[in-house]
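Enquirer: Work out the full structure, taking the sequences as your base and the hints as a guide.
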Amino acid sequence: MALNFTINTSNPPLGALLAAEHVKGSVQVSVEEGKDTRLHVSDAIQFNDANSISRYLARVAPSLGLYGANMMEQTEVDHWLEFSARRLCGQPGLTVALGELDKALSLRTFLVGHAITLADLSVWAALKGHKEWPNQGKSFSHVNRWFSFLSSQVPFSSVENKYTTKKA
Amino acid sequence: MPMYQVKPICGAHAETDLPTCMYKLPNIHAQKGNSCTPEHALQNGEVDPAVKALEARQDEIMRKLHELKAAVEGLAKTVTTPDADLDLTVSSSLSESASSTTFKGVTDLDNVLGKDLGALRDIVINANPAQPPLSLLVLHSLLCQRYRVLSTVHVHSSVSGVPPQLLSCLGPRHADSYARHMFQLGFTLIWKDVPKLQMKFSVQNMCPIEGEANVARFLFKLLAPYPSDPALATMVDSWVDTAFFQLAEGSTKERSTVLRALNSALGRNPWLAGQEFSLADIACYCCVLQSGSASAAPANVQRWIKSCENLGHFSPAKLLLQ
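Taken in sequence, the protein lines are chains A and B. So the first sequence is numbered by numbering that gives the first Met the number 0: it starts at 0 and just counts up by one. So the second sequence is numbered by numbering that gives the first Met the number 0: it starts at 0 and just counts up by one.
Please keep in mind that the hints were generated in silico from the structure rather than gathered at the bench. The beta carbon of each residue, even a glycine, is placed where N, CA and C say it ideally should be. Each hint should be verified, as a subset may be incorrect.
Stated by the list, open to error - Under the rule of at most 30 Å between Cα atoms (straight-line distance), these lysine-lysine pairs were calculated in the DSS-like manner:
1. B/LYS191 to A/LYS102
2. A/LYS102 to B/LYS195
3. B/LYS317 to B/LYS191
4. B/LYS220 to B/LYS76
5. A/LYS161 to A/LYS23
6. B/LYS199 to B/LYS76
7. A/LYS137 to A/LYS161
8. A/LYS34 to A/LYS161
9. B/LYS317 to B/LYS252
10. B/LYS195 to A/LYS137
11. B/LYS199 to B/LYS317
12. B/LYS305 to B/LYS220
13. B/LYS199 to A/LYS102
14. B/LYS305 to B/LYS317
15. B/LYS220 to A/LYS102
16. B/LYS51 to B/LYS63
17. B/LYS220 to B/LYS195
18. A/LYS102 to A/LYS137
19. A/LYS34 to B/LYS252
20. B/LYS51 to B/LYS68
21. B/LYS252 to B/LYS195
22. A/LYS23 to B/LYS220
23. B/LYS63 to B/LYS76
24. B/LYS305 to B/LYS252
25. A/LYS130 to B/LYS195
26. B/LYS252 to A/LYS130
27. A/LYS130 to A/LYS161
Stated by the list, open to error - If you anchor each label on the Cβ, the simulated ranges turn out as follows:
28. B/THR251 to A/LYS130: 24 to 34 Å
29. A/LYS130 to B/LYS195: 15 to 25 Å
30. A/SER138 to B/PRO194: 15 to 25 Å
What the hints assert, rightly or not - Selected chain A positions facing chain B (in silico; Cβ < 10 Å):
31. PHE46
32. ASN47
33. ASN69
34. THR74
35. HIS78
36. LYS102
37. ALA103
Expert: Listed below in structure tokens is the structure:
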């Protein structure tokens with residue numbers, strides 16, 4: 000069963016694209032360019048927002064552990080999904096949100112647990128797409144460390160090369 | 000230099016009664032004679048009273064150690080399983096209705112939350128009294144049907160003048176609230192001036208969780224597992240997001256779009272996520288109620304609101320809105 004993932008090229012959902020890139024070994028996802036973002040699962044079910052798409056992709060490939068290893072990690076992932084969509088994408092208050100993120104990352108390599116999860120994908124994508132982030136980056140050392148650590152890894156760098164250049 | 004010789008102290012050939020069950024060996028001390036000292040005599044026959052006292056003392060110490068070990072094991076048992084030897088007396092006095100059949104697929108707290116470490120699992124929620132979290136109150140009353148929950152309400156110093164119905168929203172104070180070990184879950188609601196609802200649980204491992212939607216997901220997973228089908232589970236999450244961000248916080252236009260989407264989903268299925276009542280229904284119901292758009296809702300939504308109310312889970316939310 001191949002999943003049909005259409006993306007809006009003027010505003011690509013980086014987080015969902017990263018999730019698709021991570022699960023492509025276990026699930027077939029075909030990415031097409033179109034007008035709006037949509038994941039077609041079946042005729043009755045399709046998801047339109049980036050968080051739902053990421054959640055679905057993480058759930059069809061449970062062995063990757065993108066949704067956390069237990070219920071408490073799942074809840075943390077949910078927290079960061081909302082954080083990236085509500086706190087990092089809204090323009091005002093970025094500094095406060097980054098301060099909270101910095102505090103959370105001070106003792107951690109990944110946002111949740113000890114491996115990559117949707118939390119890392121969505122927060123990284125939100126920062127990547129944020130105009131203010133490159134200027135703010137210097138003052139938040141932990142976020143900066145975590146951000147460049149992820150940016151250097153393959154799924155992140157390939158998504159970055161494929162989709163962010165088009166946006167500019 | 001030759002050594003001088005000592006004459007034997009006792010007679011050269013003292014007769015001793017040897018046991019007959021043993022074979023005989025030649026006497027290697029024959030030359031020196033049978034030099035039996037008083038100590039040997041005591042060891043072979045009568046036991047020295049000092050040794051006897053020492054033995055008695057050691058027995059006493061061992062007995063005390065065993066007692067101590069038993070006491071520590073008993074304590075460890077009550078610490079790791081808070082209700083280990085209290086179950087019989089407690090369950091009758093708490094009159095739990097554990098046979099709640101609302102949700103299929105019974106979840107066990109140890110399975111979902113990991114091993115019990117002895118302390119009460121306390122869910123602490125900071126909520127702003129300006130936006131009472133209706134969905135969490137509904138989930139709280141469902142949790143109370145399933146588990147022994149110790150519920151408490153506090154008012155943080157950052158807010159003043161909290162209405163009385165918010166102070167009593169978790170029901171009357173439990174008569175056994177002094178005995179925390181008798182409960183499986185703690186539910187502590189703190190009215191506090193926070194921009195966004197927060198939950199703190201297991202703070203060593205978890206970051207504080209923000210947002211009513213995420214706390215609701217967490218509490219619901221204590222009641223019933225999410226659908227195992229990835230599409231259905233994601234649909235539940237998608238409805239929860241829609242409820243809290245578009246119904247509760249959105250503009251009038253967004254709200255009517257959501258009501259239309261609800262109407263068409265409820266035309267296909269009795270509940271939002273198919274055949275089973277789920278968190279999607281709880282979240283959407285509470286947000287429809289809170290946004291005051293229940294009366295202007297389309298037909299399928301009206302019918303669904305009635306079905307929700309028939310379940311009887313929503314009385315805590317309705318009480319607060321009056």
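Enquirer: Taking the hints in turn, state whether each one holds.
Expert: Hint check results:
Taking the CA atoms of B/LYS191 and A/LYS102, the gap is near 22 Å; set against the 30 Å cutoff, the hint holds. A distance of roughly 18 Å separates the Cα atoms of A/LYS102 and B/LYS195; the hinted pair therefore holds under the 30 Å criterion. For the proposed pair B/LYS317 and B/LYS191, the alpha carbon gap of about 22 Å is at most 30 Å, so the pair holds. The suggested pairing of B/LYS220 with B/LYS76 holds, with an alpha-carbon distance near 28 Å, which does not exceed 30 Å.
Distance hint between A/LYS161 and A/LYS23 is fulfilled; the C-alpha atoms sit about 16 Å from each other, no more than 30 Å. Of the pairs offered as hints, the one joining B/LYS199 and B/LYS76 holds, with about 27 Å between alpha carbons and a cut-off of 30 Å not exceeded. A hinted pair counts as satisfied when its Cα atoms are at most 30 Å apart, and A/LYS137 with A/LYS161 qualifies at roughly 26 Å. The suggested pairing of A/LYS34 with A/LYS161 holds, with an alpha-carbon distance near 17 Å, which does not exceed 30 Å.
Distance hint between B/LYS317 and B/LYS252 is fulfilled; the C-alpha atoms sit about 25 Å from each other, no more than 30 Å. Between B/LYS195 and A/LYS137, the direct Cα distance comes to roughly 27 Å. Compliance with the 30 Å bound is thereby established for this hinted pair. The suggested pairing of B/LYS199 with B/LYS317 holds, with an alpha-carbon distance near 26 Å, which does not exceed 30 Å. The straight-line distance between the Cα atoms of B/LYS305 and B/LYS220 is roughly 25 Å, inside the 30 Å bound, and the hint therefore holds.
Distance check on the hinted pair: B/LYS199 and A/LYS102 sit about 16 Å apart at the alpha-carbon level, within 30 Å; holds. Under the criterion of a C-alpha separation no larger than 30 Å, the hint pairing B/LYS305 with B/LYS317 is consistent with the structure, at around 13 Å. For the proposed pair B/LYS220 and A/LYS102, the alpha carbon gap of about 28 Å is at most 30 Å, so the pair holds. Between the alpha carbons of B/LYS51 and B/LYS63 the distance comes to roughly 19 Å, so the proposed pair stays at or under 30 Å and holds.
A threshold of 30 Å between alpha carbons decides the hint, and for B/LYS220 with B/LYS195 the separation of about 21 Å falls inside it, so the pair holds. Restraint check for A/LYS102 and A/LYS137: satisfied, since their Cα atoms lie roughly 15 Å apart, inside the 30 Å limit. Using a Cα cut-off of 30 Å, the hinted pair A/LYS34 and B/LYS252 holds, with the two alpha carbons roughly 22 Å apart. Distance hint between B/LYS51 and B/LYS68 is fulfilled; the C-alpha atoms sit about 26 Å from each other, no more than 30 Å.
Only pairs whose Cα atoms come within 30 Å are accepted, and B/LYS252 paired with B/LYS195 is accepted, the gap being roughly 24 Å. A hinted pair counts as satisfied when its Cα atoms are at most 30 Å apart, and A/LYS23 with B/LYS220 qualifies at roughly 28 Å. Restraint check for B/LYS63 and B/LYS76: the C-alpha separation of about 20 Å stays at or below 30 Å, so the hint holds. For the suggested pair B/LYS305 and B/LYS252, the alpha carbons sit about 24 Å apart, so the restraint of at most 30 Å is met.
Between the alpha carbons of A/LYS130 and B/LYS195 the distance comes to roughly 25 Å, so the proposed pair stays at or under 30 Å and holds. Of the supplied pair hints, the one linking B/LYS252 and A/LYS130 holds, its CA atoms being roughly 29 Å apart against a limit of 30 Å. Straight-line distance between C-alpha atoms of A/LYS130 and A/LYS161 comes to about 18 Å, which keeps the hinted pair within the 30 Å bound. At roughly 30 Å, the beta carbons of B/THR251 and A/LYS130 sit within the given window of 24 to 34 Å.
The hinted window of 15 to 25 Å between A/LYS130 and B/LYS195 holds, with their beta carbons roughly 24 Å apart. Against the hinted window of 15 to 25 Å, the Cβ-Cβ separation of A/SER138 and B/PRO194 comes to about 22 Å, which satisfies the hint. Restraint check, A/PHE46 versus chain B: the minimum CB separation of about 6 Å is within 10 Å; hint holds. With 10 Å as the threshold, the beta carbon of A/ASN47 comes within range of chain B, its nearest partner Cβ sitting at about 8 Å, so the hint holds.
Taking 10 Å as the C-beta cut-off, the interface hint given for A/ASN69 holds, the closest approach to chain B being about 7 Å. Interface restraint check: A/THR74 against chain B, minimum CB-CB distance 4 Å, threshold 10 Å, status holds. Interface restraint check for A/HIS78: the shortest CB-CB distance to chain B comes to about 5 Å, inside 10 Å, so the restraint holds. The interface hint given for A/LYS102 is met, as the beta carbon of that residue sits about 9 Å from the closest beta carbon of chain B, less than 10 Å.
Annotation: A/ALA103 was flagged as interfacial toward chain B, and the flag holds, the nearest CB pair being 5 Å apart, inside 10 Å.
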